[in-house]
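Asker: Given these sequences and hints, build the entire structure.
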Amino acid sequence: MTQNKENTILKIEGLGKQFAQKTIFSQMDIEIEHGEIIAILGPSGCGKSTLLRMISGLETVEEGSISIIDKDENEIVRGIDNVIDAQLVGLIFQKPVLFPHLNVSGNIMLGIKNPPAKKLQVQVAERYLKDVGLSGFSDNSIETLSGGESQRVCLIRALISEPKILLLDEPFSALDVKARRKIATETKQLLKQKGISAIHVTHDPEEAELISDRVINWQEITE
Amino acid sequence: MNHFNFEKKYFNYLQKIIAISAVVIFAVLSFMPLFFAIKRLQTVTGVSVFSAISTFFDRPANLESLSFTLVEASVSALATVLIGLPIAWHLARSEWKHVRLVRALLAVPFVTPAIVAAMGFLALISEGGLLWSMGIDLRLETGIIGVMAETFGWQHPGHFIALILAHAWFNLSLVIRFVEPPLATFDPRWEEQLSLLPGGNSRINRLRNLWIPFIGPAILCSAVMTFLFSFTSFALVKWLTPFSTTMESSMANMGGAAGIMGYRVDASMVILSTSAVQFLILMLTLILLTMLQRRNNSRVSMISENVARNNRGKLSNIGKITIFSGLIFTLAPMISILFASFRIRTSIGNGQFTERYSFDAWVAAWQGDLSYVSASEALSNSLIYAVVTLLVSLPLGWVLSSTIHSLEKADSMKLAKKISAVMVGLGILLGILRYNSSLFSFFLIPVLPHIMLTTPFVVRIMTPAMRAIDPVFEQQAKLLNLSPLRCWWHGRLSFLRGPAIVAASLTLAFSLGEFGASWILVRTGSWDTLSILVDQLMSRPKFDPMVQPVAMATASMLMILTFILFIIAERFRPKGDGGGI
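Protein sequences appear in the order of chains Y and H. Just so you know, we're using our numbering here: the first sequence kicks off at 1 and counts up by one. Just so you know, we're using our numbering here: the second sequence kicks off at 1001 and counts up by one.
None of these hints come from the bench; they were simulated from the model. Some hints here could point you the wrong way.
[Said to hold, decoys possible] Here are the simulated lysine-lysine pairs, BS3-like style, with alpha carbons at most 27 Å apart: (1) Y/Lys178 - Y/Lys194; (2) Y/Lys113 - Y/Lys164; (3) H/Lys1097 - Y/Lys22; (4) Y/Lys22 - H/Lys1314; (5) H/Lys1478 - H/Lys1009; (6) Y/Lys130 - Y/Lys192.
[To be verified] Every beta carbon over 10 Å from chain Y, so not counted as near; a handful from chain H, in silico: (7) Lys1009; (8) Tyr1010; (9) Ile1136; (10) Asp1137; (11) Ile1204; (12) Ile1321; (13) Gly1351; (14) Ser1402; (15) Met1466; (16) Arg1497.
These figures come from a predicted structure and were not determined experimentally. Think of the CB as a built atom: it goes at the ideal place given N, C-alpha and C, for glycine as much as any other residue.
Answerer: Next up, the structure:
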C-alpha cells in the first residue's frame, strides 16, 4: 500500500469488478482529499453506480482496495465484510428514496442518530429544511413533493448524518436543465459549507463542471 | 352512423338493467332469508334481537362458547403468523426457480374442504398416524400431552393443539399471500438507503423504521383474516375439539330445534342471541380488516419481482429448511388421508391391531356399502350443486364486479368477504324452510347458500382484474368504430378470461367442499354431498374396521377433485398475482 497524502480521505487502488465473469471495470485508481468534490464523467452502463455502491459498502470488494480515512485518522479498508456506517459514507440514489409511511420530517429524522422527541421533530426538521429552501415542508406528505424537492430532502437527510464522503449517483438526472443547474449549485455550496467530500457521478459534462472541483473522465481511471 | 348510435344506446340500457338486476338478486338472496329468520326467531322467543344480545350473557354456556371461540381464534391467528411469516420471508427474498410451484402447493390447504382438513388432522393424530408414531398423542392425550394436561390442569390440550395446528394449516396461505408479494416486489434500494442512514444502522432500527411499517399491516391483515376464518370454523371444531363448542357449532347443534312455534324456545333464544353477538363481532373485525387493508395498500413499493429477486441471490440453507418444513406441514395431512384410506386396522383384542393395505375401502365407499348414499351418488349430487352454483355465481359475481368497478365503490363488498356458513344455512332453514316446509324436498335448496357463499369470492377475483384493465384498449376499440359488443369483447373480455377461469374453478371447489350450511340443510335428506357423506361415515361407531378407511377414501375423492380444480385455477392465475384467493 502506498503512503497516504496528508489530506487524503479516500483512496482507491487497483479496484476491479466482475459480474457473472464479465469485467465491468478493472485497475481503477482514485484519490480524494478532505473537502474535495469530484465528478466522475462516464457513459451510461460503464459501472459508475457500481463504483459508488462499492465505496458505500453495498457491494463487496474482491479486487483492489478502497480505504476511507476517518476522523481519528484510522484507515478503514473495504473488503468482503463491508461495514456500512452512515458516519463514513452517505449515498443519494438516482431516484429519490423517501419512505412513504413517513412525512418529510419523519424522513429527515432517519438521518439523525438520536432523533428528538416527537413534538420537537417538526421544529428540528424545519431548521434543516431551511438550508435547502424547503421551509414549511416538514409536515408535508412525501407524495406532494416534486422530483427536485424530493432530492433536496434526500440531500439534507444524507448531510445531517455528517458523512465523511457523500456519494451522488446522478441524483439530478430526472430534473429539467434549469432545475438541475440550480440544485447542483446549491448542493456544491452546502457541501463546501459543511466541508464534506463528495463523489458525483454523471454523464452530463455541464453538471459535472458545475458541482465539482475536479472532473475525472471514466477512461482516465480505469483500464 | 344512426344505427350505430341506436345500438350503443340500447347496449347501455341493457348493461344498466343487468347491473341493477344483479344487485337486486344478490341483495334478495343474501338478506331475505336472514331477515325472515330473525323475524321468525323473534316471534318464537317473543324477544327483539337487541334484547337477545343482553340475554346472551345470562347463559353460562354462551359465555363458555364465546370465550372458547375468542381464545381459539386468537391463538390460531398468532400461530398462523408465527408459522407463515418465516416461510413468506424466505419465499420472497431469494432468487430460485420453483417459486411458483411452492407458492401454489402452500396455497392448497386454503381451498381444501374443511371436512377434508378435519379428516387429515384426525388421520395425523389418530393411532397409527404420523404424529402418534412420533410419540405425540394429541387424541388420547397420553405421554407428554398427558403430562401437560396434569401439570397445568388444562383439559384436553391435545385436542386444542390439534385445532390450532389445523387452523394454522388451513390459513397458512393467507399469511403467504398477504406478506410475500410486498416482500418479493420490495425495492432493495429502500433497504440499502436505510442501511446508510443512522435510522437504519441496526437491526432494531431497520425493524422499526422499515419492516414494521411496510409489512406490519400485511401481517395484521392476514392475522385478522385468520381470526375470522377460525372464528367461524365449523367442521374442524366439530371433529378436532369434540369436548368444546364455539359459537358457530353451538348454533349449528341447536339449529334443528329452533324456529318452531312453542317448541324448545331456549334453542331459538340461543340462536337469536348467539347470531346477534357473532354478527357484531364479525362486523367489528371486518371494519378493522378494511382499515388495515387500506393501510396495507398504501405501503407497497413495487418493482419487478424478477429484478428484486435477482438482487437478492440464492436461497440460504436456513431458507431451504424453512420452506421444506412448510411443505411437509402442508402435505402431511393430505398424504395422511390417502394413506389412511388404504390402511385397514382390525382389533385382535388387548388393544392389539393387525394392519393391511388394500383398495377395499375405496370400493366400499364407491358402492355405498356403509352408508345410505354411495360416494358415486354423493359425487354426482355434489357436482350438480357445484355446476348450478357456478351457473348463477359466476355471471352474478361478474356483473356485481363490473357494477362495483364502474361505481368505484369496492368497499361496499367488504362485508361479503367472510360470511359464516352456519349462519347462512340457519338463515335459509329458519327464514325459508320453516315458513314453507315443502321446500325441504326441493333438491336444489343447498345451492342457495352455496351461491351466497361463493359469489363474494367471484367478486374478489373479478373486481381487481377489471380494475387492472387499461381503458385504452376499450377506447381504441371505440375509435375503430367497433360495435359495443366487439368493444366489450376485445377491450374487456379478452383480458378477463384468465381471472374468470380462476373464479370458476374456485367456485366449483368451494361449492364441492362446502360443509357448514349443507350440514344444516341436507344432513337428513337423500341429497347428501361428498362432504356430508364424509361426516356421516366418520360419525358411525368404529366397531367395523372399514368405517374410518371408507370415510378417508370419500374424503380423498373430494380432496383430489378440489386439487384438480385448484391446479386449473393456478394454471390460469395471472403471473404476479399474489392475492385473489
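Asker: Each hint needs a verdict: does it hold in this structure or not?
Answerer: Hints, one by one, checked against the model:
no.: 1; hint: Y/Lys178 - Y/Lys194; verdict: holds, 25 Å
no.: 2; hint: Y/Lys113 - Y/Lys164; verdict: holds, 15 Å
no.: 3; hint: H/Lys1097 - Y/Lys22; verdict: holds, 23 Å
no.: 4; hint: Y/Lys22 - H/Lys1314; verdict: holds, 19 Å
no.: 5; hint: H/Lys1478 - H/Lys1009; verdict: holds, 14 Å
no.: 6; hint: Y/Lys130 - Y/Lys192; verdict: holds, 17 Å
no.: 7; hint: Lys1009; verdict: holds, 41 Å
no.: 8; hint: Tyr1010; verdict: holds, 43 Å
no.: 9; hint: Ile1136; verdict: holds, 42 Å
no.: 10; hint: Asp1137; verdict: holds, 47 Å
no.: 11; hint: Ile1204; verdict: holds, 14 Å
no.: 12; hint: Ile1321; verdict: holds, 25 Å
no.: 13; hint: Gly1351; verdict: holds, 60 Å
no.: 14; hint: Ser1402; verdict: holds, 30 Å
no.: 15; hint: Met1466; verdict: holds, 25 Å
no.: 16; hint: Arg1497; verdict: holds, 34 Å
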